[in-house]
Amino acid sequence: MSKPYTLSPEQIARLKSHSRREKLHRTISYFSPLLLLLLWEICSQTGLIDRRFFPAPSSIAGTAWQMTASLEIFDHIWATMKRVAIGYVLGAVPGILLGLILGLSSPIRRVLGPIFSALYPVPKIAILPLILLIFGVGDASKYVVIAIGVFFLMFYNTLGGVMQIPQIYLDVARNAGASRFQTFRYIALPSAMPNIFTGLKLAAGSSYIIIAAAEFLGARSGVGFMIWASWQTFAVSRMFVGIVVISAMGYFTILLLEALERKFVPWAKH
Amino acid sequence: MIVHSDEISRDVSVPADAAPAIEVRDLVKAFYDVSGDRVTLAAANVNFTVKRGEFVCIVGPSGCGKTTVLRILAGLEQPFSGEFRLHTSAQPAMVFQEASVLPWLTVAQNVAFPLKLKGVAAKEQRARVAELLELTGLTDFADARPHQLSGGMKQRVSVARALVDDRDILLMDEPFGALDEQTRLVLQQELLRIWERTGKTVVFITHSVDEALTLADRVLVMSPRPGTIVADLPVPFERPRDVVEMRRDKRFWDLTYEVWRLLAVSPEH
Chain A
1 MSKPYTLSPE
11 QIARLKSHSR
21 REKLHRTISY
31 FSPLLLLLLW
41 EICSQTGLID
51 RRFFPAPSSI
61 AGTAWQMTAS
71 LEIFDHIWAT
81 MKRVAIGYVL
91 GAVPGILLGL
101 ILGLSSPIRR
111 VLGPIFSALY
121 PVPKIAILPL
131 ILLIFGVGDA
141 SKYVVIAIGV
151 FFLMFYNTLG
161 GVMQIPQIYL
171 DVARNAGASR
181 FQTFRYIALP
191 SAMPNIFTGL
201 KLAAGSSYII
211 IAAAEFLGAR
221 SGVGFMIWAS
231 WQTFAVSRMF
241 VGIVVISAMG
251 YFTILLLEAL
261 ERKFVPWAKH
Chain B
271 MIVHSDEISR
281 DVSVPADAAP
291 AIEVRDLVKA
301 FYDVSGDRVT
311 LAAANVNFTV
321 KRGEFVCIVG
331 PSGCGKTTVL
341 RILAGLEQPF
351 SGEFRLHTSA
361 QPAMVFQEAS
371 VLPWLTVAQN
381 VAFPLKLKGV
391 AAKEQRARVA
401 ELLELTGLTD
411 FADARPHQLS
421 GGMKQRVSVA
431 RALVDDRDIL
441 LMDEPFGALD
451 EQTRLVLQQE
461 LLRIWERTGK
471 TVVFITHSVD
481 EALTLADRVL
491 VMSPRPGTIV
501 ADLPVPFERP
511 RDVVEMRRDK
521 RFWDLTYEVW
531 RLLAVSPEH
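From first to last, the protein sequence lines stand for chains A and B. Using my numbering, you'd call the opening residue of the first sequence number 1 and step up by one each time. Using my numbering, you'd call the opening residue of the second sequence number 271 and step up by one each time.
The following block holds chain B by itself, in its conformation from the complex:
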């Protein structure tokens, strides 16, 4: 059964007293490498809360453990200690950084994949997939094979697949990291449009300060490994946002400076 979200235009600003969707407390992740007999601390004492319907970006240098935190929230890895609480009925949907589109399925079949696993009726699958292809601008590519698609198109497929079974929380792990700047800007704008329509709670990881400020309600800044949250900055721009126009705003550049300063002074380990 799919519960279709109410897609009428909603008030896009998240109320300050909105209920939490994700709560992370003292999360620690460590790895043990047998061959080198080495213990690596990936993330140390990570604490943050994401409100329902909020768009939060986590920025940090590569290797700071931000992907690990996201994978733990997605149920793909276990934390070493600490806890996290997801106030949702379904496991969060994830959009991966690498090309995660299954090469043996067509675009439509890829988008339908989570529905197929749940045994949703074929007719209902088709209707829902058509809706998502429309939303992500892929309608003309429904029967294409992944190897025929550009990198940007493939990430659209990943986004459509993550949205298809309408889970409350969307986790995005540098989904546009491998794309050229122009494609990235287009997809950022579309993601904002989709988010404004669907009201998902989004945690979006990026190493691009620019991308974080473009998308987020709040930016969480992580320190280098072992990563921990060193700052929690509200992003004040009104919504709906225009990803090009907002670059004329002086506050955008002040915030960019602020985040860069935080990243630069984060202690090295």
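Next up, chain A with everything else stripped away, as it sits in the complex:
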């Protein structure tokens, strides 16, 4: 018998190079937004844009450093983060559950579906005064307005995911003797997982939009409040620090969700 064919170490290295390149691309992708900052710095330094309205990132960084050193910024970040996190969970959990339930049961979908369709188009910011009226100017009103925004995104994305489950998977479960709850847990939930993560990412983005607006109007703390208060006192650098901070919060939230997606949805393409 002839010797079995084997690959040389160089050939194996060539095979592995593709996944190494992929890893490199992922690392670069974390830093690509920094390019935009660099462009801004150049434009501001060269006077291409008005420095009173668009201070250079380096001068904004100076302001940011002062606010960091005085720990002031962390109070605002913490206040905003807490509101977003609590509101997000309060909205996402019922959104996912109801999306799964309505997706699997067409009678419930027919009866309750129109209620959600009717409520969905209401702009969440438009009802903020109403929510402030009901829940007061404290944190509760922020949780509620975020939860409402997150709820609808999660509900519709999950519902869409469940409605797309190939019938064959439901047949497999039924033939294997799955109960209703088991079908829910072992078929509907994993099938809808890629859509749920799409919803989670969209919802994270809109959470920060909603919290910024909510803190403009009715808060004494938080990054949104800081932006609004800085604007009113024409502290433009402070305002930009706020904008950068809230953007960064959104950015890192999405990164975190993408990492979770890779962990929990390893079968989907990213």
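These are computed hints drawn from the structure, not numbers from a lab. Errors might be hidden in some of the hints.
DSSO-like mimics (lysine-lysine), calculated; alpha carbons at most 30 Å apart, straight line [stated by the list, open to error]:
{"no.": "1", "chain 1": "B", "residue 1": "Lys321", "chain 2": "A", "residue 2": "Lys263"}
{"no.": "2", "chain 1": "A", "residue 1": "Lys23", "chain 2": "A", "residue 2": "Lys263"}
{"no.": "3", "chain 1": "A", "residue 1": "Lys263", "chain 2": "B", "residue 2": "Lys424"}
{"no.": "4", "chain 1": "A", "residue 1": "Lys263", "chain 2": "B", "residue 2": "Lys386"}
{"no.": "5", "chain 1": "B", "residue 1": "Lys424", "chain 2": "B", "residue 2": "Lys393"}
{"no.": "6", "chain 1": "B", "residue 1": "Lys424", "chain 2": "A", "residue 2": "Lys16"}
{"no.": "7", "chain 1": "A", "residue 1": "Lys263", "chain 2": "B", "residue 2": "Lys520"}
Derived CB-CB ranges, DEER-like [what the hints assert, rightly or not]:
{"no.": "8", "chain 1": "A", "residue 1": "Ala213", "chain 2": "B", "residue 2": "Arg308", "range": "52 to 62 Å"}
{"no.": "9", "chain 1": "B", "residue 1": "Ala534", "chain 2": "A", "residue 2": "Leu15", "range": "50 to 60 Å"}
{"no.": "10", "chain 1": "B", "residue 1": "Ser332", "chain 2": "A", "residue 2": "Leu36", "range": "54 to 64 Å"}
{"no.": "11", "chain 1": "A", "residue 1": "Ala213", "chain 2": "B", "residue 2": "Ala360", "range": "36 to 46 Å"}
{"no.": "12", "chain 1": "A", "residue 1": "Trp267", "chain 2": "B", "residue 2": "Glu293", "range": "38 to 48 Å"}
{"no.": "13", "chain 1": "A", "residue 1": "Ser17", "chain 2": "B", "residue 2": "Ser332", "range": "32 to 42 Å"}
{"no.": "14", "chain 1": "B", "residue 1": "Ser332", "chain 2": "A", "residue 2": "Trp267", "range": "57 to 67 Å"}
{"no.": "15", "chain 1": "B", "residue 1": "Gln348", "chain 2": "A", "residue 2": "Pro114", "range": "44 to 54 Å"}
{"no.": "16", "chain 1": "B", "residue 1": "Arg308", "chain 2": "A", "residue 2": "Ile108", "range": "20 to 30 Å"}
{"no.": "17", "chain 1": "A", "residue 1": "Ile108", "chain 2": "B", "residue 2": "Gln348", "range": "47 to 57 Å"}
{"no.": "18", "chain 1": "B", "residue 1": "Asn317", "chain 2": "A", "residue 2": "Arg174", "range": "20 to 30 Å"}
{"no.": "19", "chain 1": "B", "residue 1": "Thr310", "chain 2": "A", "residue 2": "Arg110", "range": "22 to 32 Å"}
{"no.": "20", "chain 1": "B", "residue 1": "Glu401", "chain 2": "A", "residue 2": "His18", "range": "46 to 56 Å"}
Chain B regions said to be covered by chain A (calculated; three or more residues, Cβ under 8 Å) [to be verified]:
{"no.": "21", "segment": "344-352"}
{"no.": "22", "segment": "365-372"}
{"no.": "23", "segment": "377-390"}
C-beta: ideal position from N, C-alpha, C; glycine also.
On the provided structure of chain A, position chain B as indicated by the hints.
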């Protein structure tokens, strides 16, 4: 609790007086399409009996309702009228035509799925799954994801999953229909080997006359829609069978001709 089947070599020919495992009487299946206001008769007056431990193939043109009959036996659809009796303690296990492997589970988890639903202890699950992976030649792929597998491998997973909780009746809906001829031949041989070891009652649907004669003890020929059984032909080849060698047998080609003639003269509707 899993009752392991006795896997010592059994007499592979089914005795003529074996007890029936499946009895189907005057089965009718009709669909109503609301949008077109149309009634479709999928299967009309289907009658047949399958004996315990028998391997029966149903052949028929596409759309003749053979899949519908199988889905009714599997409990996935309700008949319109008529009756069927399954002499078994558990619902029959089904192997589907399309890729039915769950993409979010590994191969081993897919095979273990019915056991997991029944709440079988993890240790017992592992042992049983290892046994099935061995039987279907998947041991090296236990931790692979379905998207890494070929079509033939995926169907092996489906077969392993259908066998894992050891139900008496196995229903197979063109399981090898989407595979290339060579893979199909290999899987047919393996299915025969597994069937000879486990003694399951098998109802196997195919549109391939060749496949039916290769596998079955009896071939039921169905007419075009609305499908009904037009012939019940015994397949005389001794077991264990060699799927390649049996093609040298003249009887194989005589039977092929016979079935084709029946399919060709079935009245069109």
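Which of the numbered hints above does this structure break?
-> 1, 7, 11, 13, 14, 15, 17 and 20
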